[in-house]
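Student: Chain by chain, the residues:
There are 2 protein chains.
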Amino acid sequence: MSIYLGLVHYPVYNRNHETVASAVTTVDVHDIARLSRAYGVKRFFVVTPLTDQALLVKKIIAHWTTGYGSSYNMHRKEALELVSVVSSISEAVERIGKTEESSPLLIATSASIHKGNPVSFEELAGIISAGRTVFLLFGTAWGLEENIFLKADYVLEPVTCATGYRHISVRSAVAIIMDRLIQKSQHEAFA
Amino acid sequence: MSIYLGLVHYPVYNRNHETVASAVTTVDVHDIARLSRAYGVKRFFVVTPLTDQALLVKKIIAHWTTGYGSSYNMHRKEALELVSVVSSISEAVERIGKTEESSPLLIATSASIHKGNPVSFEELAGIISAGRTVFLLFGTAWGLEENIFLKADYVLEPVTCATGYRHISVRSAVAIIMDRLIQKSQHEAFA
Chain A
6 MSIYLGLVHY PVYNRNHETV ASAVTTVDVH DIARLSRAYG VKRFFVVTPL
56 TDQALLVKKI IAHWTTGYGS SYNMHRKEAL ELVSVVSSIS EAVERIGKTE
106 ESSPLLIATS ASIHKGNPVS FEELAGIISA GRTVFLLFGT AWGLEENIFL
156 KADYVLEPVT CATGYRHISV RSAVAIIMDR LIQKSQHEAF A
Chain B
6 MSIYLGLVHY PVYNRNHETV ASAVTTVDVH DIARLSRAYG VKRFFVVTPL
56 TDQALLVKKI IAHWTTGYGS SYNMHRKEAL ELVSVVSSIS EAVERIGKTE
106 ESSPLLIATS ASIHKGNPVS FEELAGIISA GRTVFLLFGT AWGLEENIFL
156 KADYVLEPVT CATGYRHISV RSAVAIIMDR LIQKSQHEAF A
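Residue numbers (the numbering used here), protein chains in the order written: chain A, 6 to 196; chain B, 6 to 196.
If you're looking for bench data, these hints aren't it; they were derived computationally from the structure. Please note that a few of the clues may not be correct.
One copy or two, either will do: identical chains are not told apart, so a pair holds if it fits within one copy or between any two.
[Unchecked claim] Calculated pairs, DSBU-like style, for lysine-lysine (alpha carbon to alpha carbon, straight line, at most 35 Å):
id	residue 1	residue 2
1	Lys63	Lys189
2	Lys103	Lys120
3	Lys47	Lys64
4	Lys82	Lys120
5	Lys64	Lys120
6	Lys189	Lys156
Because the structure is a prediction, the values reported are computed rather than measured.
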């Protein structure tokens with residue numbers, strides 16, 4: 006299983022549908038790092054071109070992996086060790102390519118339907134079980150810029166709930182998506 | 006479907022396994038309120054006996070449901086409207102009993118195995134589909150006090166991941182548990 010996650014802070018939309026670089030939310034880094042560790046994600050990339058934001062994330066990582074936090078909470082250390090900061094999606098793709106010796110499939114996620122090549126949870130779980138390397142992109146703020154959906158290899162179906170409400174946090178979306186994919190790919194592997 | 010959630014700040018354990026009242030984490034209230042709205046939860050109770058903490062949660066609710074936030078973000082309003090603050094688990098049970106005209110089944114959750122009456126995700130989804138009212142309890146800090154598992158009608162099986170890592174946030178646990186229960190109970194309903 007070869008899954009990589011990217012939390013994208015640029016290019017994303019703000020409230021007025023302008024393309025911006027959003028600020029990093031500390032709790033996103035912690036929650037998604039812990040989920041990455043739980044579900045066996047290989048690396049979790051925080052994507053931001055802003056140097057002060059990159060520095061903030063690096064400080065958090067250092068505190069928990071080599072600083073005081075590393076002896077205070079070993080479980081947090083194991084999680085934060087999976088986090089890397091990159092300045093762009095393509096920098097992450099390049100790093101994954103070097104590790105895996107092949108380019109990852111780019112999977113864009115969203116709470117809404119977008120143009121692009123759609124893939125269901127079941128199909129993506131099958132792709133993962135088949136051994137392909139996948140890089141899932143999650144947008145912050147008002148979501149990933151539209152052209153990412155067109156460039157991506159696949160656009161994952163939205164997490165839909167019976168109520169139709171689709172305004173959960175990106176942290177919650179990562180939890181639900183990872184749980185669905187891993188449960189389905191284990192089911193696939195044992196079928 | 007009649008599901009209630011409780012985020013318990015007392016009685017829970019601290020790092021040294023002493024029973025304490027933990028502090029409320031703002032992001033817990035927001036994330037779990039939004040998940041409650043998405044999955045059709047009837048009410049989300051924040052359980053704390055500390056009056057200053059109760060006041061803090063009431064301020065958050067007021068800001069988003071009647072204050073400035075209510076016009077700024079309607080989706081957040083819909084979510085925060087589901088939140089109530091109570092001083093104890095039994096106060097929440099009493100309030101649910103009045104609304105539903107019968108007592109809810111108390112379901113304790115944890116990342117580890119506990120003594121008590123175990124129930125699987127599948128079984129609990131069946132109970133929910135059958136129309137029973139359930140009240141799921143989630144612990145903060147180092148988890149719910151042991152006697153809650155003994156008093157509860159059921160203890161839900163832990164969210165286990167292939168890696169064995171079980172140190173995800175309570176916010177992530179609520180997301181995963183609700184998604185599993187609702188997916189399975191919809192499957193049950195349509196089977």
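Student: Run the structure past the numbered hints and jot down the numbers of the failing ones, going up.
Tutor: 5
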